[in-house]
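These protein sequences, in sequence, are chains A and B. The numbering of the first sequence is my numbering, which starts it at 1 and goes up by one. The numbering of the second sequence is my numbering, which starts it at 1001 and goes up by one.
Subject to a maximum C-alpha distance of 27 Å in a straight line, what follows is the list of computed DSS-like cross-link-like pairs (lysine-lysine):
1) B/Lys1081 with A/Lys9
2) B/Lys1081 with B/Lys1106
3) B/Lys1102 with A/Lys9
4) B/Lys1081 with B/Lys1102
Taking CB as the label site, the calculated pair distances span:
5) B/Pro1007 with A/Thr70: 38 to 46 Å
6) A/Gly53 with B/Gln1076: 39 to 47 Å
7) A/Arg113 with B/Glu1009: 17 to 25 Å
8) A/Gly3 with B/Gln1025: 27 to 35 Å
9) A/Met41 with B/Glu1056: 23 to 31 Å
10) A/Leu117 with B/Gly1053: 46 to 54 Å
11) B/Met1080 with A/Thr70: 38 to 46 Å
12) A/Ser84 with B/Ser1003: 15 to 23 Å
13) A/Pro39 with B/Gln1019: 22 to 30 Å
14) A/Val60 with B/Gln1019: 24 to 32 Å
15) A/Ser18 with B/Gln1019: 39 to 47 Å
Simulated from the structure, these hints should not be mistaken for lab results. Every residue, glycine too, gets a C-beta built ideally from N, C-alpha and C.
Each chain is listed here by its residues.
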Amino acid sequence: NAGVTQTPKFQVLKTGQSMTLQCAQDMNHEYMSWYRQDPGMGLRLIHYSVGAGITDQGEVPNGYNVSRSTTEDFPLRLLSAAPSQTSVYFCASSSGTSGRPPTGELFFGEGSRLTVL
Amino acid sequence: GQSLEQPSEVTAVEGAIVQINCTYQTSGFYGLSWYQQHDGGAPTFLSYNGLDGLEETGRFSSFLSRSDSYGYLLLQELQMKDSASYFCASSNYQLIWGAGTKLIIKP
Chain A
1 NAGVTQTPKF QVLKTGQSMT LQCAQDMNHE YMSWYRQDPG MGLRLIHYSV
51 GAGITDQGEV PNGYNVSRST TEDFPLRLLS AAPSQTSVYF CASSSGTSGR
101 PPTGELFFGE GSRLTVL
Chain B
1001 GQSLEQPSEV TAVEGAIVQI NCTYQTSGFY GLSWYQQHDG GAPTFLSYNG
1051 LDGLEETGRF SSFLSRSDSY GYLLLQELQM KDSASYFCAS SNYQLIWGAG
1101 TKLIIKP
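So here's chain B without its partners, still in its complex pose (with noise of 0.2 Å):
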């Protein structure tokens, strides 16, 4: 079947890096989607990744390995408002998305 691993929880400290890593397995791939979303509210889109490589956004950066069906967010200087859920979503027919990661910031 389809499916998107990621981990349930990461913690991390205010100023510090984090990955989150996303594997997935699934047909007719076309990219790597990552969102954020926080308590109550709705997901908002952080990144895509449609080639291999790295793709910078500010603070963030995601990472795409077609090879290793493999994938990664990275957050730099956390910030305590980045305390959400992050999901991957693997962009094919039918978007399929991952459990989700709740991030959690400590000063």
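The following block holds chain A by itself, in its conformation from the complex (with noise of 0.2 Å):
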């Protein structure tokens, strides 16, 4: 059982470059969700969906997009890479039931880490 599968595990983008992280869970998960990480500090939600079609902004969206097409699937778009997106990206997913926060457990990807220059 795959699990959550991010990727790619590093990448090094220049300015202004746009890329997709790849997310995919084979968990039949609902709640799907994106988090960045910078040293020192806790995840902080960049976006999250409840259900394919459905997708909501959390903490910091800005310079992100995100679509879900389907359950497995949740891309998250750098629209126009900048030094202060270099941090690790870790996609997490939940069985949390639609339009309610997730509660227990949720399950992470391994991460990604994202240097732009």
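From these two lone chains plus the hints, build me the complex, please.
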């Protein structure tokens, strides 16, 4: 059972470039989310989705775009990369009920380490 | 605003017991989760308290008091592999995370 799979694991971008971080889960979870984690800090929510076709903004959405066309996939797009977006990005999913916050366990991918020069 | 406060670092001795506290100020509070994260790794779930009281899972226990907006994670019989960062997270409409507590264990 693969769980939550993120790609790529490492990426270096130049300022202004765009890219997509991929996230896929095979647990039929309704809730999926993207976080960023900066050194010495907790996770900050970028965007989340409570089901296919439904997305919403988290705490730090600016500069990022998401879509949820299937239950399995939740890609994160960086529209025009900036050095401030250098971070570790985590995708996480949960079996939380649509419209309700996730309770219990969030399952995380291994993370994607992004550097923007 | 919404926030969770936890100590930045805690030091303990192998075999001992340590408590990591978390106080929160959030709206629409549903419960408190705890996660462990080793350096370079992803967070892994430890426990969730949706109701007041103590939840026990092996060597780890977690406590919640809604009236005090307070919870803690208790780790017993500390092992060197428990050296990690521990995060409390508030389950409301948007999961909010504390900054993490780095647990240092000395032999």
